[in-house]
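From just these sequences and the hints, can you work out the full model?
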Amino acid sequence: MKKSIIIVALSVVSVSAFSQQTQQLSQYLLNPYLVNPAAAGLTDFVDLNLSFRQQWVGFDNAPQTIYLSGNSVVGDISGTPKYSASLRTSQRVAPKNTGIRTGKMRHAVGGNLMSDKYGPFKRNMANASYAFHLPVAKGMNLAFGVGVGLSNLVFDQNKVSLLDPNDATYSTFLGNSTKRNLLDLNTGVYLYTEQFQVGYSNGQVMQNKLYFGDPTASRLVMHHYFMAAYRFDINDKLSITPNLLAKYMHPAPVALDINCKVDYNNMFFGGISYRHKDAVVGMLGMFWNNIKFGYSFDYTISSLRKQNSGGHEVVVGYRIKL
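So the sequence shown is numbered by my numbering: it starts at 1 and just counts up by one.
Please note: incorrect hints may appear among the correct ones.
Restricting the straight-line Cα-Cα distance to at most 25 Å, the calculated cross-link-like pairs of lysine-lysine (DSS-like) are [what the hints assert, rightly or not]:
#, residue 1, residue 2
1, Lys237, Lys122
2, Lys209, Lys122
3, Lys247, Lys277
4, Lys122, Lys179
5, Lys179, Lys209
6, Lys237, Lys321
7, Lys321, Lys104
8, Lys138, Lys104
9, Lys209, Lys247
10, Lys277, Lys306
Source of the hints: derived by calculation from the structure; they are not laboratory data.
Right, here's the structure in full:
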């Protein structure tokens, strides 16, 4: 009886913890659109990405994320061809290749489908967004983006083990609903040139109430993201891009991802990232024609290090020339 009550209590606490945490991604540089809706339409390609992430391998019911996303500029894409804004190129590229278009106002759209699992909880999400790009100086654009999404949160009772399956406390927990549908917003702003990018975005703006098995009706917590990067061209084949991603949700402390990415010959890349008090991440990948591929491994440095063997993330992308 006591064990079942403890499990239910932990489940109720986990609802709040799960609802307050958005997905963890290591290769956000390959797809900045997932972090900031204003990053949609940075290039003159339709940018499609498919990714799978398994966190804490060896840990039962560890977080698992899969997503499919796409974004593109719409309408007239004419303008002054510049360089890549996706932080993936190591040198200047010809106008016929991937590059930013500056000097003219542009509109862009995007969308993504995502499934996020953590223990007995699962969240399925669908999101659509719009971005507006405005030239503010020579070779510099400022973009604004807004996204609207629908989330379906589910509690899977088959992943919970109880000594007494007829326990009244557990039945009450299930009676408060094992599903929840939520409508939410995310917004962002993105300033970029051919060499640097800086942006702010937020998620879970509506801070919806949750009655998901929790009589206290906790709220989703707004998340804030700040991303900055600068590309240093060492020569015509080699470049280094240090970057920073800061994440904040009240009342937790700011979480920092400090990353350094190296690109060679506009084809191969590698990098290392430090996630404060959580993990050290190694990544590598390549671009071949219109296909991109990235792999990263997270080595846990937190107190969970002995309970898991790290995490894996794979990103496969395809670009369609407009």
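Evaluated hints:
1. Our distance criterion of 25 Å between C-alpha atoms is broken by lysine 237 and lysine 122, whose separation comes to about 44 Å.
2. About 17 Å separates the Cα atoms of lysine 209 and lysine 122, which keeps this hinted pair within 25 Å; it holds.
3. The suggested pairing of lysine 247 with lysine 277 holds, with an alpha-carbon distance near 14 Å, which does not exceed 25 Å.
4. Annotation: proposed proximity of lysine 122 to lysine 179 holds, straight-line Cα distance about 10 Å (limit 25 Å).
5. Restraint check for lysine 179 and lysine 209: the C-alpha separation of about 13 Å stays at or below 25 Å, so the hint holds.
6. Proposed proximity of lysine 237 and lysine 321 is supported: the alpha carbons are some 24 Å apart, at most 25 Å.
7. Taking the CA atoms of lysine 321 and lysine 104, the gap is near 19 Å; set against the 25 Å cutoff, the hint holds.
8. Taking the CA atoms of lysine 138 and lysine 104, the gap is near 11 Å; set against the 25 Å cutoff, the hint holds.
9. Distance check on the hinted pair: lysine 209 and lysine 247 sit about 22 Å apart at the alpha-carbon level, within 25 Å; holds.
10. Between the alpha carbons of lysine 277 and lysine 306 the distance comes to roughly 15 Å, so the proposed pair stays at or under 25 Å and holds.
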